[in-house]
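Enquirer: Residue-level listing of the chains:
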Amino acid sequence: MNKNKMDTVTMKRLFGYIFKKYKLRFFIVMVLVLLSSITSVASSLFIESLIDDYITPMLSQSTPDFTPLLKALSVMACIYIVGILSIYFYNRIMSTISQGTLKTIRDEMFEKMEKLPIKYFDTHTHGDIMSHYTNDTDTLRELISRGIPQIVSMIITIIATFVAMVITSIPLTILVLCVLVAMLKVTENITGRSGKYFIQQQETVAKANGYIEEMINGQKVVKVFSHEEEAIKNFDKINEELCKDSTLANKYSNILMPALANLGNLLFVLIGVLGGVLAINGVGGLTIGAIAAFLNLSKSFTMPISRLSQQINLIVMALAGGRRIFELMDEEPEHDEGYVTLVYAQKDENGNIVETDHHTGMWAWKHQHHDGRLEYIELKGHIELEHVNFGYEPNKMILHDISLYAKPGQKIAFVGATGAGKTTITNLINRFYDVNDGKIRYDGINITKIKKPDLRRSLGMVLQDVNLFTGTIRDNIRYGDDNASDEDVIAAAKLANAHGFISHLPQGYDTMIDGNGGSLSQGQKQLISIARAALTNPPAMILDEATSSIDTRTEKIVQDGMDKLMEGRTVFVIAHRLSTVRNSKAIIVLDHGKIIERGNHEDLIAQKGVYYRLYTGAFELE
Amino acid sequence: MVKKLLKSLREYKKSAILTPICVLVEVFMEIAIPYLLGILIDQGIEQSNLSVILKLGALLVVAAFISLFFGVESGKFSARAGAGFAKNLRKDMYEKVQDFSFYNIDKFSTSSIVTRLTTDVTNVQDAFMMVIRGAVRSPITILFAMIMSFTVSPKIALIFLIAAPILGSLLILIAKTAHPVFERVFNTYDDLNNVVQENVKAIRVVKSFVKEDKEIQKFEKVSQSIYKDFRKAEIILALNNPLMQLTVYTIITLISWFGAKLIVGGSLTTGELTSLITYAMLILNSLMMLSMIFVMITMAMESARRIVEILDEVPDLANPKNPVMKVKDGSIEFKKVGFSYVKDPKKLCLKNINLKIKAGQTIGILGGTGSSKSTLVQLIPRLYDVTKGELKVGGINVKKYDIKTLRDQVSMVLQKNELFSGTIKENLRWGNKNATDEEIVKACKLAQADEFINGFPDKYDTYIEQGGTNVSGGQKQRLCIARAILKKPKILILDDSTSAVDTKTDSLIRKAFAEEIPNTTKIIIAQRVSSVQDSDQIIILDNGEINGIGTHEQLLKTNKIYQEVYYSQTKGGSDDE
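Line by line, the protein sequences give chains A and B.
With this note's numbering, letter number 496 in the first sequence gets 496, and the count goes up by one each step, no holes.
With this note's numbering, letter number 120 in the second sequence gets 742, and the count goes up by one each step, no holes.
Honestly, I wouldn't trust all of these hints.
[What the hints assert, rightly or not] Between beta-carbon pairs, the in silico distance windows are:
no.	chain 1	residue 1	chain 2	residue 2	range
1	B	847	A	135	55 to 65 Å
2	B	1047	A	331	19 to 29 Å
3	B	628	A	511	45 to 55 Å
4	B	958	A	131	34 to 44 Å
5	A	483	B	816	17 to 27 Å
6	A	24	B	691	47 to 57 Å
Keep in mind that the hints were calculated from the coordinates and are not lab data.
Just so you know, even glycine gets a beta-carbon here, dropped at the ideal spot from N, CA and C.
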């Protein structure tokens, strides 16, 4: 019952999307569908009158007069033309409606996705999110572009045919109804089973895909260990299971169509026999023409029903897909209750900060206090954490009572094992996540008061997994600032030590990057991401060093680039190699979400604590 | 191509053949029913003959039941045949992939092999089921219905004969016109998915650069072009239905006109007219089905092609005729070896490699990215074949060994190493499935893994998640080393396998190697000088060529690259130690 209600809600929303833009067109389509269905019923009824009203009378005429038939056929031809045109136009309009609706849904979904908090992306697998755009949208496409018009036309045909049948013969209609009940029972029974097995098959498919993916990805290891036979043995087992489930699922769905079609045949036969008996006994005033027409009507009655039954799977799948899509759309977006904004600023003759409308190289926080006072605070990059507690889940704290500060221009390094909470701290500073307890201040302002886009714009970021976008190298560097000139781009690349290799590429800055940077080496990608961050020229930065093994020479180039980028900025470094943290103002050693040591390199070495042991290689960093 | 695929049908051939036979009976009944009904109308109803009606009626009911029975059976058989066919295809492909060499795997890329084994097989399965039922049904229906129409009235049947091919070719024409547009749509779909994927992966970048709006615009552009193309394709396909109806209505009108004339002329009965109209409907419906099947087949063809590509791929490494079944010792010799991934002697990534390694020696290999270090060592267990020159292990050319024998004796820890879902023990037993618990513990002690394994609550029975995500990088590497040691190989190769292990553990591992397995030849690729410093020989690779060979002291004096790397790495820590 609950599920039914959910389905109704999903359906309603789906139609909401269709009506939003295409109300009139959808109405026109419905009228056209009605017209075409009436045409097909009219065609069946015509056969009745053809025999009874035109052919039989002619048989008794000595000189048959074909004019009435000719006239009737001309009228029918006109009706047919209307029917054909209606079909063409409703199909045509429907393609606009379905594709347009899908576009709206897709666009809205993406827009919504971009607004979701990082938490959503961290708690859902990429494949899961992707499938909203692929599988789920595909099922909706099938439903809207093929399903809905077909279903509507079938329902109209069924109703119109039913009315025609009642008019033609009530006893035969009763017979049809009896068979109809049988058909519905069969459908219910079979789709129930096939549905069950399809779900089961889906699970086995997922399992088989998982195994295949794991084994093929590790295929080289399989080869190195000559493990082929075992790999095949396990595969056979899963494959066999998949075959069994797939047979069951397909068996029931394959049976449905012939079962219904042949019940239709049976009905056809029964009508002939019963109709014949009734006609001979003169019950209900049945004529031969009426029987012939009824036979045709029964075909146009059962055919859509058996077709409709095939659509059931489609509808079930589409509703599931639609539900998943709407689930994404209903996700809580990232909240932003901040009101402090970042503005261009300059100092007036009295040394007061004033807002300007052009880039001056100076920025200020525009703080509109609740009492109406307007305050401008220069953007310097002073960051402070006060007694911060945080957990990704409310009952599982990751960070415990973290307090630290970075004055403008200082470099702070985080050191610690995987899971110690290094990345988590940086996630809090740019508000990918919000603290559970405690405060973070930026230039003295609580960051929850700062508008998120402005906060993030003031913080540069270089992540350990380099993510570049499809486009040229120039586009990728310019990602930092759309308005940057070509000279700015090159200057940023030079700062990041990336200019050298870029200018050696045959297409230079216009080299296309695709598939996440396929042709470039890991180190080169890192250099581009450093240049990208350099272009925004933020006063504060978060740097997550790369862990992947790049060779020593490239690493040195990357390191130099990083060093130049860090100059004069407040920087938080998540260190994976101790050689890079020595010149930090402060090194924070984290363990299980707590700060266990802090100080500069010399202090910490002198303490002979955890840092010392890490540094001397007695501990593993990762 | 189809022939090649059908080879995988095997034990399901019976079901695959029974399906169309059942369909045949079903179709035959479906054709007979209107014919008999026509007789029932003419001889029973018109003549008011009740006994004829009842007799024929009984016959018809039986016919309908037979049709029902065979219809259901064909559904069952086709399900079995389709699922079985898919199973065998997967099996054949999977077994084929097991025979692939690294060269073959690289050629296809793993993700493409996975898609072929999953999505493509499903596509072929669906199309296959459709074909064995529908592709037999429709032509046979058309044929039978034609024959029956001709028996009833050749003159009217002529109408079908003219209309059917015209409609058929028009439907195929429409399908063909729409096809390239659809192809374009699917390519645009790839673009769309690419944008989404990039955004999902790089959401932190998007958010920290505050680029949500720009990304939304980018997405809407692609989305718009899908809308445009898809709409266009569907508008072409929108011609299908009206065309079909046009034909139906034209035929009904023509039959009505000519039928009436014939009936008046006395050469046709009303019952026959009714059957003829039914046949007309049957034929047209079958044509519609046929055009649908045609579209499905064209779509599945692409998948079929991709499957056959795998089945047809010739593994480029094969066992020699009279293979050598024993590896004498762990000595290795490279003689003027050149290697190219594309087997092109002009595009060598290893050039003129000459090396002699004695059994039991420890060899270190250093070099920048792209210097082909991994490539060099992958030639030893014959994961790839040399393009030029000759490579000997134990004094015999590697190509003469039985591949399994060779690989059992040359154990390699790959750079991109994988653990599989299963317990630690299960993973380690990959090295030797008969290994006793003591042997496993010993190997783990050697690899300095025993300690942290015992730190887990479930110890050696700890479950490793897919991809080994629940152990740290350094732990994973040590487990992989232990797994390789369990093979008790004559040659052990570590391809940058201790990069995430701390320096102290790293040196403990090397010490254990020297003490516990002195007769095994050890080849160590590393980025850290400290990992190779005490090797018997250090090889400096640069751009696929040997830049220098020697001991630490020799190279420190003579080799520029070695000096550079050494000083850049030791500068950091030495003054504090």
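Enquirer: Hint by hint, note whether the structure agrees.
Expert: Hint check:
no.	hint	result
1	B:847 <-> A:135: 55 to 65 Å	violated (21 Å)
2	B:1047 <-> A:331: 19 to 29 Å	violated (42 Å)
3	B:628 <-> A:511: 45 to 55 Å	holds (46 Å)
4	B:958 <-> A:131: 34 to 44 Å	violated (52 Å)
5	A:483 <-> B:816: 17 to 27 Å	holds (26 Å)
6	A:24 <-> B:691: 47 to 57 Å	holds (50 Å)
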